[in-house]
Amino acid sequence: MLSIISLSLFGILNLFLGFLKSRRVLLPATLLFIALAFAANLLDWNHQYVYFRDMLRTNNLFINFSSIILLTTFLTVAISRSFGTDEEHTHPAEYYAIMLFSVVGALMMVGFENLIMLFIGLEILSVSLYVLTGSDKRSLRSNEAALKYFLMGSFATGIFLFGIALVYGATGSFNLSAIGSYVSGGPTTGISPLLYVGLLFILAGMLFKVSAAPFHFWTPDVYDGAPTLFTAFMSTVVKTAGFAALYRLLTVSFTGVYGLWWQVLTGVTVLTLLVGNITAVYQSSVKRMLAYSSVSHAGYLLIAVAAKTPQSPSAILFYSLAYSIATITGFAVLILVAEQKPIEGRPDERYEAFNGLAKRNPLLAFSLAVSMVSLAGIPLTAGFWGKFFVFSTAVDRGMTNMGMVLVVAVLMSVVGVYYYFRVIIASYLKTGDSEPIGIRPLYRFILVLTTALTIGLGLFPDVVRQLF
Amino acid sequence: MPVFYPLLAVNSAIPLSYFVLASAALFSIGLGVVVVKRNAIVVLMGVELMLNAANLNLVAFSRYDPDLKGQMFGLFVIVVAAAEAVVALAIVLLVYRRFQTVDLDEVNEMKR
Amino acid sequence: MNTNYLPSDYLPIVVQLLAALGFIVGSMLVSHNIGPKRHSKKKDDPFECGIPTEGDARTPISVKYFLVAILFVLFDVEIIFLYPWAVNFLDWMKESREMAIAIFVEMILFMGLLLVGFYYIIRKGVLNWNQ
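These protein sequence lines are chains P, Y and U, in that order.
Residue numbers are given in this note's numbering: position 378 of the first sequence equals residue 378, and the series is strictly consecutive.
Residue numbers are given in this note's numbering: position 71 of the second sequence equals residue 71, and the series is strictly consecutive.
Residue numbers are given in this note's numbering: position 118 of the third sequence equals residue 118, and the series is strictly consecutive.
So here's chain P without its partners, still in its complex pose (with noise of 0.2 Å):
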C-alpha cells in the first residue's frame, strides 16, 4: 500500500528531475526509488490490511507478488540506456517516470479487492505501456506497434468493462467477496444468465493483457516493434500483474462456478501452448522468438490458474520469477549483441548475429545460455523448477481433467528446447568475426546477479519457496 502511494510521488518527482542540467542521477535516482518502494512494501509482512473502504487488500500474497514486479522494474531500469542515440530529442525522466506510474497500476491489479480498482489499474498499465512502446519516435516500426497496442489493447478494455458492467449488472457490486458470496451462495432464482456472460467478457479482457491465443495476435509485432528494454518490461510485469489479478478475480469471486471456467481456461491453455511454441520455431529474429516464447509461458501459468489447486499461487509466483530473471537476461544481452552490427539502422536481431559470442564475450554467452536453459525448463535451473511446480498443480487437479493438457504442455517443453538452444548453438559452436563488446559495470553486475539467481534457485527453489 505504501508502495503504491510512494511510486506515484517518486514518479512526479522523477518528471521534475528531468528539469535539471544533468541526466546522470536520474539512473541511480529511478533506482533509489524503486528500492525504497521495495523496502516500504516488506513493511506489511505477515499483516492483513484492508484499505480505502474495500478497495484494496494487502497480504503475503500481495507483498510477493508486488516483489517480484518490482525487482524486475529494478533489473530492467538497471540495463536501461540513453533511449536512443539522439541527445536532444530523447526524454529519459519521462520514461522512467511512465515506468514508475505502470508499475502503480500493476501493483494495484495485485491487490484489488474492488473491480473498479482493477479496472484504473489495468488502464494505468496499458496507457502507460502504449506510450513506451511508441517512446523511439524515429521508429517506424515502434510507432507501428504503438498504434497497433493501443489500438488492440482499448479494444480489450472495451470488451473487459462491458463484461464488468454485466456481473454488476447480476450481483450489484464490484467487491469481489460480494460476488464470491453471490456466486457461491447461491441465490434463490438462480444465477443470472448476466453473469456468465460477464465472466466470458472478463476473461477475454484479461488473456488478451497477458497474450494468450487465441487473443496474442498483437503481441509478436507489438513486442517486436517496441524498444527492446521496454519489450522485456512489458514481458515480464504485465505477465506476473496480469496473472496475479487472473488468480485473484477467479479464485476470489468465481470459485462457486469453477465448472464454466476451468474448461474455457483450459481450452485457452491447450491453444496457447500450441500457437507460442510451434510459431517460435519459423521465427529468424530472436526478439520476435521471444515474443512467442512470451506467449507459449502465458500457456504454462495458465495451467496453474486452470488447475486452481492450494498451490496454485506459488506456482504462479514460482513461475513468475523464473520466467521474469530469465527473459530480462536474454532481453539484455540482446540488446547488446544485436546493436553492435545495425542493418540499416536497426539493431540486428537475427540468430546469426549470436554466432561466436562465446568467444568473444564469454560472460554474455553463458549469461544468455543460462537463460535459455531455464526458459526451456531444463533441470538446475529456476525455469525447471516453475515448470515443476506447474504441473504437478495440474497432477493434484486430477488427470481426468488435466490429463490432455499435461500431455500438450510437456511435448511443447521439447519443441521449446529446440528454439531455445538455436540461440546457444549459434553463440557457442558458430564462427563469428565481430569484435568484442563493451560493457558497463552495473550492466555486468546484473548480468552476473540474474544468471546467479537463475542458478541458485535452481539449486535450491526451497529457499525462496519457504516465503510462498
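Quick caveat, the hints were computed from the structure, so don't treat them as lab data.
Backbone N, C-alpha and C fix where the C-beta goes; we use that ideal spot for every residue, glycine too.
Hints may be right or wrong, so weigh each one.
What the hints assert, rightly or not - Derived DSBU-like pairs (lysine-lysine); straight-line CA-CA distance at most 30 Å: (1) 21/P <-> 64/U; (2) 37/Y <-> 137/P; (3) 137/P <-> 341/P; (4) 359/P <-> 430/P; (5) 21/P <-> 124/U; (6) 341/P <-> 430/P; (7) 124/U <-> 64/U; (8) 341/P <-> 359/P; (9) 137/P <-> 124/U; (10) 137/P <-> 64/U; (11) 94/U <-> 69/Y.
To be verified - Computed far set for chain Y versus chain U, every beta-carbon distance over 12 Å: (12) 21; (13) 28; (14) 39; (15) 42; (16) 99; (17) 109.
Following the hints, put chains Y and U in place on chain P, whose structure we already have.
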C-alpha cells in the same frame, strides 16, 4: 404517478431490459466499427462507443443499487476514456507524420 | 432512489432531440429553398474573392494547437470528480466535522496533484507560443 404527456401515455415503468438492449446494440455497433473500419480515427471512435455502451449499462444497473456504485464507476470510465483518447491521438499524430496516412492497412512496416 | 421511471419521464429528451434535429434540417432546407440561385463558372468556384485559388484547405497547422486541445481535454475531464464530492459534502458536514475536514483535505490533495501536473506543463514550455 400522474402522466403529463399525453403523447406517451404509458403507465408501466421502462423495464431494465430496454437499457441493456440499447447498450448491447451500442456495444455491437462499436465492435463492428472496430473490426470493419480501416481508418485509425474511426476505429478509435468505435472503441469509445464500446466504452460508452458499458457506461450506459453501469448507470442503468445502478438504478437498483442504493449506493450508486455504478454511477461512480461511470465517472472513472469517462476519465480513463479521456486519458486513453489523449494518448491515442498523440500516437495517431506521430504515425501520420511518419507514414503520411492513418489507414491501418498501409501502416505495415513490419511485414516488409 | 426512484427506480420507477415512466416512459413519459423521458419526453423532455425526445423533445430536445427533435428540436435539435429540426433546427438543423429546417435551417438547411430554408437556406436552400429561399435564396436565389445563379450558377456560373465563377460563382461555383471555391474561394471566389478575386484571387485565384491556391493549395487546398488541409494545410498543416502547428502542433501547438493540438497540444493545447489535448491538455484541455485532460484537465477538463478531471472536473468530473468534483461533482459527487460537492454534492455530498454538506451531508458529511452534518454527519461529523472531522470527516468533512478529512474529505476536504483529500480534495485539496487531488487538486494539488493536478496543479503539479500543470506546473510541469508550464516548465516544459508547452504553453509557450513564442518559440
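Hint check:
Our distance criterion of 30 Å between C-alpha atoms is met by residue 21/P and residue 64/U, whose separation comes to about 25 Å. For the proposed pair residue 37/Y and residue 137/P, the alpha carbon gap of about 26 Å is at most 30 Å, so the pair holds. For a cut-off of 30 Å, the pair hint linking residue 137/P to residue 341/P stands: about 21 Å separates their Cα positions. Annotation: proposed proximity of residue 359/P to residue 430/P holds, straight-line Cα distance about 10 Å (limit 30 Å).
Of the supplied pair hints, the one linking residue 21/P and residue 124/U holds, its CA atoms being roughly 14 Å apart against a limit of 30 Å. For the hint pairing residue 341/P with residue 430/P, the CA-to-CA distance comes to about 17 Å; that is within 30 Å, so the pair holds. Under the criterion of a C-alpha separation no larger than 30 Å, the hint pairing residue 124/U with residue 64/U is consistent with the structure, at around 13 Å. Of the supplied pair hints, the one linking residue 341/P and residue 359/P holds, its CA atoms being roughly 17 Å apart against a limit of 30 Å.
Distance hint between residue 137/P and residue 124/U is fulfilled; the C-alpha atoms sit about 18 Å from each other, no more than 30 Å. Of the pairs offered as hints, the one joining residue 137/P and residue 64/U holds, with about 18 Å between alpha carbons and a cut-off of 30 Å not exceeded. Under the criterion of a C-alpha separation no larger than 30 Å, the hint pairing residue 94/U with residue 69/Y is consistent with the structure, at around 22 Å. Every CB of chain U is more than 12 Å from the CB of residue 21/Y (nearest about 15 Å), matching its label as outside the interface.
For residue 28/Y, the requirement that its beta carbon stay farther than 12 Å from each beta carbon of chain U is met, with the minimum near 22 Å. For residue 39/Y, the requirement that its beta carbon stay farther than 12 Å from each beta carbon of chain U is met, with the minimum near 15 Å. With a least beta-carbon separation of about 18 Å from chain U, residue 42/Y lies farther than 12 Å from that chain, consistent with its non-interface assignment. At the 12 Å boundary, the C-beta of residue 99/Y stays outside the reach of chain U, the nearest C-beta of that chain being 15 Å off.
At roughly 22 Å, the least C-beta separation between residue 109/Y and chain U is larger than 12 Å, which holds for a residue marked as non-interface.
In this structure, none of the earlier numbered hints is contradicted; all agree with it.
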